[in-house]
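Line by line, the protein sequences are chains A and B.
Mind the numbering: the first sequence is residues 139 to 439 in our numbering, read in order.
Mind the numbering: the second sequence is residues 93 to 304 in our numbering, read in order.
Derived by calculation from the structure, the hints in this document are not laboratory data.
A couple of the hints might just be wrong.
Below, simulated SDA-like cross-link-like pairs (lysine to any residue); rule was C-alpha separation at most 20 Å, straight line [stated by the list, open to error]:
1. A:LYS371 to A:MET335
2. B:LYS183 to B:ASN214
3. B:LYS287 to A:GLU286
4. B:LYS287 to A:GLU356
5. B:LYS280 to A:MET335
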Amino acid sequence: MKNKPDNKKQMNRRGFMKAATAGMAGLATQGCVNNINWDRFFQSHFKEMDKEELKSTLAKLEKEYSAKYGREFVVKATAPMEGTLFGYGLDLSRCIGCRRCVYACVGENNQSRDPQIHWISVMRTKMGDKWADLENSTRYYDPALVPEEGYFYMPIGCQMCEQSACVKVCPTGATWKEPDGIVVVDYDWCIGCRYCMAACPYGARHFNLAEPDIPKDEINTNTHYLGNRPRPKGVVEKCTFCIQRTREGKYPACAEICPVGARKFGNLLDPESEMRYLLEHKRVFRLKEDLNTQPKFYYFF
Amino acid sequence: MVPIPARVARSALYAALACLLALSFPSAWGQDEEELVPSKDHPGYFVNPDGEIVDEFGLLLRLFEHESVCVRCHYEKEKYEKLVLDWDKSKHSKNKVTCEKCHGGNPKGANVGEAKNVETTNFQVINTPLDKLEKDLVPQAAFKYCGQCHGIKFRDWSFGIHGKRTGYWNGEKEYWVCILCHNPHNPKFQKLEPKPAPIPPSKLALRKKDEK
Numbered sequence: 139m140k141n142k143p144d145n146k147k148q149m150n151r152r153g154f155m156k157a158a159t160a161g162m163a164g165l166a167t168q169g170c171v172n173n174i175n176w177d178r179f180f181q182s183h184f185k186e187m188d189k190e191e192l193k194s195t196l197a198k199l200e201k202e203y204s205a206k207y208g209r210e211f212v213v214k215a216t217a218p219m220e221g222t223l224f225g226y227g228l229d230l231s232r233c234i235g236c237r238r239c240v241y242a243c244v245g246e247n248n249q250s251r252d253p254q255i256h257w258i259s260v261m262r263t264k265m266g267d268k269w270a271d272l273e274n275s276t277r278y279y280d281p282a283l284v285p286e287e288g289y290f291y292m293p294i295g296c297q298m299c300e301q302s303a304c305v306k307v308c309p310t311g312a313t314w315k316e317p318d319g320i321v322v323v324d325y326d327w328c329i330g331c332r333y334c335m336a337a338c339p340y341g342a343r344h345f346n347l348a349e350p351d352i353p354k355d356e357i358n359t360n361t362h363y364l365g366n367r368p369r370p371k372g373v374v375e376k377c378t379f380c381i382q383r384t385r386e387g388k389y390p391a392c393a394e395i396c397p398v399g400a401r402k403f404g405n406l407l408d409p410e411s412e413m414r415y416l417l418e419h420k421r422v423f424r425l426k427e428d429l430n431t432q433p434k435f436y437y438f439f
Numbered sequence: 093m094v095p096i097p098a099r100v101a102r103s104a105l106y107a108a109l110a111c112l113l114a115l116s117f118p119s120a121w122g123q124d125e126e127e128l129v130p131s132k133d134h135p136g137y138f139v140n141p142d143g144e145i146v147d148e149f150g151l152l153l154r155l156f157e158h159e160s161v162c163v164r165c166h167y168e169k170e171k172y173e174k175l176v177l178d179w180d181k182s183k184h185s186k187n188k189v190t191c192e193k194c195h196g197g198n199p200k201g202a203n204v205g206e207a208k209n210v211e212t213t214n215f216q217v218i219n220t221p222l223d224k225l226e227k228d229l230v231p232q233a234a235f236k237y238c239g240q241c242h243g244i245k246f247r248d249w250s251f252g253i254h255g256k257r258t259g260y261w262n263g264e265k266e267y268w269v270c271i272l273c274h275n276p277h278n279p280k281f282q283k284l285e286p287k288p289a290p291i292p293p294s295k296l297a298l299r300k301k302d303e304k
């Protein structure tokens, strides 16, 4: 399958850009937009780029990040594998709420440490409480040891919806669903309007309120254009199933770290995969199924 | 710090407990001590008034219920005392999953040679380090020690649902064997310290340079 750009959306973006640039000119005279990267500003949409433009864009980014962090960066644009549709499984009877996944994700995906961004939230709920809307749950629990008697834990990240509300509301086409099912964000096209954050029923999207702060010695230099490359201030980001890892066949970082083995990942189109076994043999459910978002993130017992 | 041998530490603990008990129930304590009679079947141990086998401090040892030379002899070896006490507390001990169920051997053997006769009792010394275990032997090892009783867990494990796999979702994987997560002598999964909670939005202060 080809990555066909969605023409209607492109038009919107173009129109929007015209209006926006006119506005910018006004602002620029007041000195508010002194660090605009004009090259980046006129860059094509990721899906429209030809081989040459993609190559030069990636090279430009590598140079920029390497200079900023003083380390050699790789920015890939690994394409989806033929015949894959990614799915994720999470065993609620096993999760103990230890948050190892949260911090493995932060490290792998270059989330800002300050202000703090966590793509995964682990929600704790009292057994017997109404939990499906997560309103009685907290992410700020802090006991000496987990699991605690009488509670269960539920990590939540991007649910990779087939009917993604976030994609539908994006005015610039900066976020879309890839053929392997991963919902991605192009940080160079995101204008930070945060409509997607309002639309997402799972609270899975996060906004860079300030320039992200990541210690130079902790930055992951192995990056993907649509994934964990360093983000600027003012854009939205979210879980990408570790696109830089999974498109090369590796498990996501959260699944690798999980000490209880609660996290499962695989290709939904492969009848031999762990995911398919799980769907056929376990009691699975998806969060807020009634909204018809059709997540590819399955919880099971 | 010089490590205190477990036995000494225990003696101290029980001595302290004994003092407390003696203070609160002086007469009862005196009585108990009188009633501990040396055990005929288990030299070095005692029988309490209820006919239970206890050690010199009156501590009940469930491990003697199993009448196993493996348990006895290993409990007496400093090096393995913890292993046996761990096992004694576990569900395995309560459910009669004794040493020989996993290791083979003859728990009624008259001496070590008889107990661990490799030819006649299929005694297994599980001493192949896990990282040296050949990949295709891993499922066998998991089956042998755990899977033969935990059938459903083993089935889930062999499809990658219970336990964990690392490496490549579409290729070469490492299969985590049961004992990487479960101590075979104390299999209940141990609690962990959680990583720090996220910072609540109310405390999410923006850094200085962005404030202006």
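Each hint tested on the structure:
no.	hint	in the structure
1	A:LYS371 to A:MET335	16 Å, holds
2	B:LYS183 to B:ASN214	25 Å, violated
3	B:LYS287 to A:GLU286	14 Å, holds
4	B:LYS287 to A:GLU356	17 Å, holds
5	B:LYS280 to A:MET335	41 Å, violated
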